[in-house]
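Trainee: Letter by letter, the chains look like this.
Protein chains: 2
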Amino acid sequence: MAKGNQLTSRSENYADWYNELVRKADLAENSEVRGCMVIKPWGYAIWERMQQTLDGMFKDTGHVNAYFPLFIPKSFLSKEADHVEGFAKECAVVTHYRLKNDPDGKGVVVDPDAKLEEELIVRPTSETIIWSTYKNWIQSYRDLPLLINQWANVVRWELRTRMFLRTAEFLWQEGHTAHATEKEAREEAMQMLHVYGDFAENTLGIPVIRGVKTESERFAGALDTYTIEALMQDGKALQCGTSHFLGQNFAKAFDVTFANKDNKQEHVWATSWGVSTRLMGALIMTHSDDSGLILPPVLATIQVVFVPIYRKDEERQMVLEKCDELAKALKSAGIRVKVDDDDTKKPGWKFNEWELKGVPVRIAIGPRDLANGKMEVAYRHSQSKEVVDLPENIVDVIQPKLNEIQKAMYAKALKHRQDNTHKIDSWEQFQEALKANVPGFLSAHWDGTPDTEAKIQELTKATIRCIPLDNEQEDGVDMLTGKPSKQRVLFAKAY
Amino acid sequence: MAKGNQLTSRSENYADWYNELVRKADLAENSEVRGCMVIKPWGYAIWERMQQTLDGMFKDTGHVNAYFPLFIPKSFLSKEADHVEGFAKECAVVTHYRLKNDPDGKGVVVDPDAKLEEELIVRPTSETIIWSTYKNWIQSYRDLPLLINQWANVVRWELRTRMFLRTAEFLWQEGHTAHATEKEAREEAMQMLHVYGDFAENTLGIPVIRGVKTESERFAGALDTYTIEALMQDGKALQCGTSHFLGQNFAKAFDVTFANKDNKQEHVWATSWGVSTRLMGALIMTHSDDSGLILPPVLATIQVVFVPIYRKDEERQMVLEKCDELAKALKSAGIRVKVDDDDTKKPGWKFNEWELKGVPVRIAIGPRDLANGKMEVAYRHSQSKEVVDLPENIVDVIQPKLNEIQKAMYAKALKHRQDNTHKIDSWEQFQEALKANVPGFLSAHWDGTPDTEAKIQELTKATIRCIPLDNEQEDGVDMLTGKPSKQRVLFAKAY
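Protein chains in written order, with this note's numbering: chain A, 2 to 496; chain B, 2 to 496.
Keep in mind the hints are simulated off the structure, nothing from the lab. Hints should not be assumed to be uniformly reliable.
Given that identical chains are not distinguished, each listed pair holds provided it fits within a single copy or across any two copies.
[Claimed, not checked] The list that follows gives simulated cross-link-like pairs (lysine-lysine, DSSO-like), each with its CA atoms no further than 27 Å apart:
id, residue 1, residue 2
1, K346, K60
2, K90, K107
3, K237, K413
4, K262, K375
5, K237, K416
Starting from the given sequences, assemble the full structure and let the hints guide the process.
Mentor: Next comes the structure, spelled out in C-alpha cells:
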C-alpha cells in the first residue's frame with residue numbers, strides 16, 4: 002500500500018490501486034458495519050449528478066417516481082417460483098421490533114418478547130412488494146401503462162465486498178412498469194436499455210455493449226435480461242445496468258389482471274430495470290490513472306478549479322480578484338467552477354488534491370502570470386498543461402475544451418475496448434487470451450447450451466457477458482464442444 | 002367513510018377526512034407491511050420538490066451530502082448515555098443474514114445457521130454511526146467545520162401509525178455537523194432552525210413558531226432542541242422540524258477530538274437537525290379543504306392545468322391548439338403546466354380530479370370560449386372562478402395570480418393561528434380552552450419544572466410545544482401550581 006496521497010500504481014496492483022483511489026479521492030470508505038460503505042461527500046456529489054441526469058431521462062420517457070417499503074414480508078419472496086429459486090438467499094432478516102435496557106447492566110439487548118410473527122426481509126429488489134401493490138392500482142386498460150421508478154437503498158448480504166462494485170447495502174434505482182401488451186413491455190425494456198446505454202456513453206463517457214443475457218445469466222423471474230457491458234482498464238468486464246422483460250410472471254404470481262378494451266380479464270405484462278452505485282466503480286475503472294480519479298466534464302461536479310498563487314497579501318488580493326472575475330464569467334455560462342482560496346493549504350497540496358479528485362480543468366494564476374497577462378491551464382485527462390494568454394472571454398476558451406475532453410475520454414475508452422476485443426476461434430486461443438495481462442472481450446462461437454456455458458466458466462472463470470444486440474449472424478462451431486453455432490457471443494472475465 | 006371521490010367533511014370527522022384525502026389524492030396508502038406506507042407518484046412528486054428546495058438551501062449554507070449505512074451495530078446505541086436512555090427502543094432488529102429453501106415444502110425459511118454475532122439495528126437516526134465515522138475524519142481544527150447532510154429512510158417501530166404523520170419507515174434528511182467551538186455549533190443549530198422556518202413559511206406557506214423545547218421534550222442526547230411548530234386546522238399543533246445543539250456529548254461518547262490552533266486536544270461540538278415526510282402531513286392539514294388537497298404555487302408540481310372542452314374532433318383540434326399555445330408561453334416563463342388532453346376522461350371528471358389533487362390554477366377553454374375570446378380560470382385555494390378575456394400575454398395574467406395565491410394561503414393560515422392562539426391565565430380557563438372544537442395554542446405561565454409539565458400533560462394531554470425564541474419576559478404565576486414564572490410558554494394538544 003502506497004503512502005500519503007500516492008497511490009499504488011495500476012500495473013503494480015490493480016485492486017490496491019482501486020481501493021486506495023476510492024478512499025483517498027474521498028469517494029467512499031468501509032464502515033464499521035460489515036460490507037456497508039460510507040459514501041463520502043465527493044463521491045456522493047458525483048452520484049447525485051448521475052441521479053439527476055438519469056432522473057431527467059426517466060421523466061422525459063414518461064416515468065414518475067414513487068416509494069415502496071424497505072421491508073418485504075418473507076412469504077412474498079416465495080410467490081414467484083423462478084424468483085424464489087433463482088434469487089440469492091443472502092438477505093438481511095428482521096426478526097424483532099424492540100430493544101430493552103439490559104437488566105444485567107449497561108446497554109441494550111433485544112427484547113425476546115418482541116418477536117415478529119412473520120419475519121421481514123430488507124428489500125434485495127422490490128418486484129414482489131411492488132407487484133402486490135400494483136394489484137390494487139390496476140383494474141382496466143385505462144390504468145396502463147404504469148411507468149414507475151424508485152430511488153432506494155437495497156441490501157444483499159454479499160460475502161466478498163468491494164466498495165461500489167459489490168456491497169451489502171447499495172443505492173440504486175429500480176423501474177417497475179406494467180403494460181397491456183407483450184409488445185409494449187418488450188419495447189419498454191428495450192427503451193430503458195438504450196436510456197442506460199446513452200447515459201453511460203454520453204454522460205459517463207463509458208462505451209458499452211448493448212446486448213441480451215443468456216438464459217443462465219437472466220434475472221430470476223425474467224424472460225429476457227438486457228444488459229450494458231463495459232470493459233475496464235484491466236481487461237475485465239463490468240455489467241453496468243440491466244433491463245428485464247418479465248413477461249406475465251409477476252402478474253400471475255400476484256394475480257394482477259386488467260379488463261381489456263373488450264372487457265376481458267388479462268394478466269399484465271411487466272418490465273423492471275436498474276442501475277446502482279456500481280456505476281461509480283465503472284466510472285473509476287474506465288477513466289482513472291495512477292494519479293487518481295478523472296471525471297468526464299459532463300459529469301464533473303466541479304469542471305474547472307482555480308488555484309490562486311501568492312505569497313504576500315497584496316498578491317493574494319490581485320490574484321484572487323482575477324480568479325473570481327474569470328470564475329464568475331464561467332459560472333454565468335453554466336460551467337461549474339470553484340476558486341480554491343483556502344489559506345491553510347499550499348498550491349502544491351491543492352494541485353495534488355484536485356488531481357486526485359479528478360477535476361477536468363485546473364487554472365493556476367500567480368502574480369507573474371498576471372503581470373504577463375497569462376494563465377496556466379492544466380488538463381486532468383491528458384496530464385498536460387499549457388500557458389495561455391488571459392482571454393477576452395474565458396468561456397470561449399474553456400467551453401470547447403470541456404467538450405473536447407469529454408470526446409477524448411470516450412474515444413480513449415472506446416479504443417481500449419476495441420484494442421482488447423478479440424475474435425477467438427479455438428479453445429487453445431481462448432485459454433491463452435484469458436491469461437493475458439488485459440484479457441478483454443473474447444468473441445467466440447458457443448453452441449447455445451447452458452451446459453457448455455457452465456463448463457467454460459468452470460474451466461476458465463470467463464462468462465458470457467452478452468449476445469450483442471446488433472450481432473452478426475455467422476455459421477461456426479463451438480470452440481469447446483465443436484457443435485454448430487449460428488453466432489459469436491462475448492466472453493470475458495467479469496467483476 | 003365517504004363514497005367515490007367524495008371526502009368525509011372535516012367537521013364530520015377530521016381523521017377520516019385526512020386519511021381519505023391522502024389516499025384519494027394519490028399521495029400515499031398503507032402497504033402490506035405493518036406501519037409502512039407506499040408513497041404514490043403524486044405524493045412523491047411533492048416530496049421531491051420539498052427535497053430539491055431544502056437541498057438547495059442546505060447547499061447555499063455550505064452543507065454537502067453524504068451517505069452512511071442503513072444498519073447500526075447494537076452496541077453503538079449504548080455509547081451515549083442520554084441517547085440510550087431517552088431514545089425509544091422500538092426499532093427493527095436484524096438478527097440473520099440468510100434465507101434457505103424450506104426443506105419441508107415450498108417457500109423460504111430463515112437459515113438458523115446464519116445468525117449475526119451482533120444484531121444490527123435499522124437506523125432510527127444516525128448520530129451514533131456518523132460520530133463513529135467522524136472520529137476518523139477529524140484530527141485538526143483544519144478539518145472543521147464538517148457540514149454534512151444525509152437524505153435517507155429511517156425506521157421507528159411506532160405502534161399507532163398514521164400516513165405521513167407517524168409511520169414505521171419514513172423518509173427524511175438528517176444534518177450532522179461538527180465544530181471547533183460551542184459558539185459556532187450553537188449558531189449552526191440556530192441557522193438551521195431558521196432554514197426550516199423560512200422553508201415552511203415561504204415554500205409550504207405554513208406559518209411556524211420558532212422556539213426551544215423544554216428539557217423533557219429535548220432530543221435524547223441534546224443540550225438544546227429548537228423546533229418549528231405549526232397549528233393545524235383542527236387546532237392541534239404539529240412539530241414540523243427540529244434542530245439540536247448536541248454539545249460535546251457524542252464527541253465524548255465516540256472519542257472525537259481535534260488539535261486546536263494551539264495544538265491542544267479538544268472534544269468536537271455537534272449539531273443535528275432533520276425534517277421528514279411528516280411535512281406532507283403538515284401541508285395537508287394546513288391548507289386543504291373538503292374538496293381535497295390545496296397546493297401552494299411555489300411547491301406545486303403542476304401550477305396550472307388546462308382542461309380543453311370539446312365534443313367534435315374539429316373542436317378538439319381548435320381548443321387543444323389554443324391550450325397548447327398558452328401552455329407553451331407559460332412554460333417558457335418557468336411556470337409548471339399540464340394540458341390534460343386525456344380522451345378517456347370527461348371534463349367534469351378532470352375538474353374533480355385536479356381539485357382533489359390541489360393544482361392551484363385550472364384553465365378551461367371550450368369552443369364557445371374560443372369564439373368569444375374568453376377562458377375560464379378557476380382558483381383552487383378560494384374555490385372561485387372567473388371568465389376572462391384570452392390575454393395577449395398569459396404570463397402577465399397568471400404569474401401575479403400565483404404570487405397572490407401563495408400570499409393568500411399563508412395569510413389565511415396565519416390568521417387561523419392568530420385567531421386560535423389565546424392567553425390563558427387560570428387553570429379553569431386552560432381546561433376550558435382545551436375542550437373547544439379548535440383548541441389552538443395556549444400561551445400560559447409555567448413554573449419551569451418538569452414535574453408541573455408532566456402533571457399538566459397527565460391531566461389534559463396538552464404539552465409544552467416550545468418557548469418561542471422572541472418570547473416576551475413577563476412576571477406571572479404558574480396556572481396550576483401558583484409558583485412564580487418569568488414568561489409564558491406555548492401549550493397545545495399535538496400530533
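Trainee: Now tell me, hint by hint, if it's right for this structure.
Mentor: Results for each hint:
1. K346 <-> K60: between (43 Å within a copy, 23 Å between copies)
2. K90 <-> K107: Between copies only: 14 Å across, 35 Å inside.
3. K237 <-> K413: Cα proximity of K237 and K413: one copy only (16 Å, versus 63 Å across).
4. K262 <-> K375: This pair counts as neither: shortest intra-copy Cα distance 71 Å, inter-copy 37 Å.
5. K237 <-> K416: Cα proximity of K237 and K416: one copy only (15 Å, versus 66 Å across).
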